[in-house]
Amino acid sequence: MILKIVNEWLRQSNKLERLWLLAKIEFKLRYYENKLGLLWALIKPLMDILIYYVVFQIILKQNVPAFASYLFIGLILWNFFVESTTGTIQILSVKKYLYEYSNMNKLEIYISTLISNSIGFFFNFIMFLVFYNFLEKESTGLSVQNIWIVVMFVNLFILSLGMSLILSSLYIVAKDISQVWVVFTSFLFFLSPIFYKLSTFKQALPSFDYGNPIAGIIINTRRVMMEQSPPDFRLLGFDYGYAIVLMIIGLIFLNKLGSRAAEKL
Amino acid sequence: MIMKNEIAIIAKDISKTFHISEDSHNTVKHRLFNLFNPRRRKDVAALRLTSLEIKRGECIGLIGRNGCGKTTLTKVLAGVYPTDTGQVKINGSTMLMNLGVGMSHELTARENIYVSGSVLGLKIKEVDQLFDKIIDFAEVRDFVDTKIKFFSSGMMARLAFSIAVNAGADIMFLDEIFSVGDMKFQEKAIKVFESSWIEGKTVVLVSHGMDVVSKYCNRAAFMKDGRVEFFGETEKAIQLYTQDNQ
Numbered sequence: 369m370i371l372k373i374v375n376e377w378l379r380q381s382n383k384l385e386r387l388w389l390l391a392k393i394e395f396k397l398r399y400y401e402n403k404l405g406l407l408w409a410l411i412k413p414l415m416d417i418l419i420y421y422v423v424f425q426i427i428l429k430q431n432v433p434a435f436a437s438y439l440f441i442g443l444i445l446w447n448f449f450v451e452s453t454t455g456t457i458q459i460l461s462v463k464k465y466l467y468e469y470s471n472m473n474k475l476e477i478y479i480s481t482l483i484s485n486s487i488g489f490f491f492n493f494i495m496f497l498v499f500y501n502f503l504e505k506e507s508t509g510l511s512v513q514n515i516w517i518v519v520m521f522v523n524l525f526i527l528s529l530g531m532s533l534i535l536s537s538l539y540i541v542a543k544d545i546s547q548v549w550v551v552f553t554s555f556l557f558f559l560s561p562i563f564y565k566l567s568t569f570k571q572a573l574p575s576f577d578y579g580n581p582i583a584g585i586i587i588n589t590r591r592v593m594m595e596q597s598p599p600d601f602r603l604l605g606f607d608y609g610y611a612i613v614l615m616i617i618g619l620i621f622l623n624k625l626g627s628r629a630a631e632k633l
Numbered sequence: 023m024i025m026k027n028e029i030a031i032i033a034k035d036i037s038k039t040f041h042i043s044e045d046s047h048n049t050v051k052h053r054l055f056n057l058f059n060p061r062r063r064k065d066v067a068a069l070r071l072t073s074l075e076i077k078r079g080e081c082i083g084l085i086g087r088n089g090c091g092k093t094t095l096t097k098v099l100a101g102v103y104p105t106d107t108g109q110v111k112i113n114g115s116t117m118l119m120n121l122g123v124g125m126s127h128e129l130t131a132r133e134n135i136y137v138s139g140s141v142l143g144l145k146i147k148e149v150d151q152l153f154d155k156i157i158d159f160a161e162v163r164d165f166v167d168t169k170i171k172f173f174s175s176g177m178m179a180r181l182a183f184s185i186a187v188n189a190g191a192d193i194m195f196l197d198e199i200f201s202v203g204d205m206k207f208q209e210k211a212i213k214v215f216e217s218s219w220i221e222g223k224t225v226v227l228v229s230h231g232m233d234v235v236s237k238y239c240n241r242a243a244f245m246k247d248g249r250v251e252f253f254g255e256t257e258k259a260i261q262l263y264t265q266d267n268q
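Protein chains in written order, with the working numbering: chain A, 369 to 633; chain B, 23 to 268.
Keep in mind that a hint or two might mislead.
Straight-line alpha carbon distances no greater than 27 angstroms define the calculated DSS-like cross-link-like pairs of lysine-lysine that follow [unchecked claim]:
(1) 258/B to 383/A
(2) 145/B to 383/A
(3) 147/B to 383/A
Stretches of chain B that chain A covers, calculated by requiring three or more beta carbons in the stretch to come under 8 angstroms of a beta carbon on chain A [claimed, not checked]:
(4) 108-117
(5) 155-169
(6) 243-252
If you want the ones that stay clear, here's a sample from chain B, every Cβ over 12 angstroms from chain A, calculated [to be verified]:
(7) 28
(8) 68
(9) 71
(10) 75
(11) 87
(12) 128
(13) 130
(14) 145
(15) 204
(16) 207
(17) 213
(18) 230
(19) 255
FYI, nobody ran anything at the bench for these hints, they're computed from the structure.
Computed from a predicted structure; not experimentally measured.
Glycine residues also receive a C-beta, built at the ideal position from the N, C-alpha and C atoms.
Work the whole structure out from these sequences, hints included.
What follows is the structure, encoded as structure tokens:
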């Protein structure tokens, strides 16, 4: 089914153009409307890193090597996930103008919003590369393994899209899903190895790196970006499994609940 | 944009019932607390079992008194609402037009033109070519890069109208659109419509203005109580509608 959709898109090149157009406009709306503009997108991860650095490295003395970079890559992955899920719960209500008067495919609205978030992620990722290679004292430099980041990001993209589809479809029938999800994400945030030392995390929560779909993505990304080693393929397989299952559930939800968005919202 | 397929829309046994909940809150908490209370809700059968077929290039009139289901029928045929029973097959992009059309108030006129144009199936290059025409027709040249939330309602309606007539979807649903703008604009609008109909777009026209319907429509449907009572000759449909009003 997914193949069929992709195929249809490629045939009518207008759809790719449209996705890119919507993504660009979304990006502009998010960052150019405010006084700080794009600068904020760059400052925010740095501020977050500063906070966690002070808490976990200076006060709690975790002794993780290259901790600032460790935090940096973890946080930008996490932020992408949160922006793409929490940030899109009301998407069908906000973007109603797109589907209310035409038979546009709703999936395109989601994909374009996630592409817009990907642009933000891309900028943050460039910042990470600069930081890691020029400012980080304990950096191991670039490596061929870095290419795996593409595989990790696609994984994260599918996972976020799937969750986004599920949440925003549920929003149609239960508006307070947004509050529930905020609590759930803060739970998930503390159960992901974003600022913990990996060994502490694994010891305290054995095999939870397999139970938490976002944990594996963070662990593997650090492996390929900071440890010059290939990803843990078993973990990678699990995480793709999660992402694809959630994506399929998401598509079912969109068909069942999301199709009624025009009359319910 | 013209496809070989002669049929624009086939609707078979479609119907639509709205379940209107009288409980105002739609939240998980509310659900949980009222688990054992039956939900109070009303069913409104907006559209009863209907089948119809619209050919490419046809102009169909849709008439009936207020609340007879015209708008629901257009929304189902446009693919905006899912149908409860049966199925609708739509060949091509659709656009529903009434007083507000798919534009975001947060975007500028320029952005809205590109977004709407793209949603209607045009490529960016095609929108580039149409851009000036759309702006001039809408008479909003001085406000191209102004967010439309700052537009007057007349400007907004003219812009929407201009996008619709110039970009145009394969199948257009026009819900009482001849009331947009001042006299001069209406004249211009009608002129453009006449010419774009000749180009062979499929149009479904919802109107209470019988002169408009009888002038432009090849066929017309008369609706009553959610049912299409008659679908065929325009004159006959108008006659039924006039009788119904008495």
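Hints violated by the structure (listed by number, smallest first): Hints 1, 5, 6, 8, 12, 13 and 14 are the ones this structure does not satisfy, whereas the remaining hints hold.
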